[in-house]
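If you're matching them up, the sequences are chains H and S in order. Numbering follows this note's numbering, with no gaps: position 154 of the first sequence is 154. Numbering follows this note's numbering, with no gaps: position 47 of the second sequence is 47.
There is no bait here: all hints are sound.
Lysine-lysine pairs mimicking DSS-like chemistry, simulated, CA-CA at most 25 Å apart: (1) H:Lys105 - S:Lys212; (2) H:Lys76 - S:Lys131; (3) S:Lys212 - H:Lys111; (4) S:Lys45 - H:Lys76; (5) S:Lys131 - H:Lys105; (6) S:Lys131 - H:Lys111.
What the hints contain is simulated information worked out from the structure, not anything from laboratory work.
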Amino acid sequence: MITYDKATKIFGAGAGAITALDNVSFTIEKGEVVVLLGPSGCGKTTTMRLTNRLENLSSGSITVDGRDIQSVDAVKLRQSMGYVIQEIGLFPNKTIAENIAVVPKLLGWSKADIEDRVEKLLQMVQLIPTDSYRDRYPAELSGGQQQRVGVARGLAADPEILLMDEPFGAIDPINREQIQDEFLRVQAKLKKTIAFVSHDIHEAIKMGDKIALFNEGQLIQYDTPEIILTQPKNKFVADFVGSDRALKVLGIMRVKEAMNKNPKNIVQGDTPAPEALKFMEEKNIRYALVVHRGKPTGYITRKDLKYEEGPVRDLSERFPTFVQDKTHLRVALSLMLMHDLILLCVVDENGDLQGTISYQNIQRSILDVYNDETEE
Amino acid sequence: MDVWNFLVDNWDQSLYLTWEHIWIVGLSVLIATCIGVPLGIIITKHENLAKRVINTANIFMTIPSIALFGLMLPVLSTFGEGLGKVPAVIALVLYSQLPIIRNTYVAIHNVSNPVVNAARGMGMTNWQRLKEVEIPIAVPVILAGLRTAAVMNIGIAAIAAYIGAGGLGVYIQQGIDRVYEAMILSGALLVSVFAILVDALMSLLESAITPKGIKIQRKMGK
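Work the whole structure out from these sequences, hints included.
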């Protein structure tokens, strides 16, 4: 847990003094990713650099797990926190393994422990097979691979706290998505306390449990991405998140939150066509999902069933795609548009039907989220 | 052919003078390195000193060697060392400072910001950062400075023969006095060969000491 209490940083003195951070107070809870977000010069990077005393506070305090950082030796403090930066800053004279081993070595780990740790981290950041990376040099790796090493190096001594300054900012968009996803997967397991600097609202929404939005040295709003998007505190926040924020909400909400868990229009695969037709006419539904042994196999319309005798699963149209309940609504909506479907089946890992999701479901869930704002 | 005959006839003296030359240059570069490299490193941490130190080294460089020997004469005479090897070595040490300090300063200074920032942020002390990161990265450029200093000193050491320091300059100086062409040419030839050899050796050393990762980085950068 990191607590900032009236943290203030003034660079220079007298007439030329610049207040980089002005009375900022907030708390990063244990195990949370907090994205420090804002335009350049807003104080986000200063906040991070104050945390490991690369800069020193002008006034106020920062405590880590209740301990004032000013009372801890700066070098020890830094060693206890992982540090990952945009420019990566791998040491070109050291191999990948040596780069990762820097902090464990400073902390005096045994050689065997360091070797084990390097192996584990290389696997964690997907530099596999590890043998083909361990003894190479940074210059031989691509930017994306180098940043994976950078992340592994930050995690090397298994710090509670990780400071990341636009860590994926210099990576091309395709690799960035991938490395962000990987990082989230790792973080879900490790549950580090992370201060993550970014200027990109998309990244903030994706990576942050909470977002701390800065402007001109002040903390403007500190909330979850949902609340930042749906209840921006003022015009600056609204402008910063953008007029397409409803679409951005789709990027954080998951299918689970919008899906219909008990779809009524289901027929079992071995039902004969006439019986299914009768069922659909009674319920007055135009189409039905065909489910066989718990797995959705396709859909049928009334037209498909007319004058037919056999089981419906032979008559049904196959679904081109499925989603899972943890899929983001943005992806679900995109799949609907691409495949020209008004409804998608939600399945679990085994392919068993969990529910359905339609345009209407998505629309309603967005409206629910924005209700508070429209009522104001 | 005269030169060849001269060298064959005087092989023992040639060998001795060459040895003397090596000795003067080697000692002066060694001392200059012990002063210049630490000084170059220190001024990277104290920017306000950097300009003054480099300017001072620059001034020594602009004084002609004969003039420098002359200037030192009254000072060193008070210790009874106005002529001979002592003033020669001192002059060579002074001349070496510029390439050594400047290259060390520039090399450490040019270690990229992200690397320094990462090293600090990860909790390296200044000393650890120097030892583990900055010096290994700077080593090729520092060695290039030593190489310049060594080659330059071989030339200047030849002039030191005029203040009785010995070395291969003796052939040149005495050759001129006696208008003995083969002797002058022999001295000049040996000094040149020595300079070329040292340059080649330093180049090999540079390549041997440069960390592998830095070599790869340079190759990829080109």
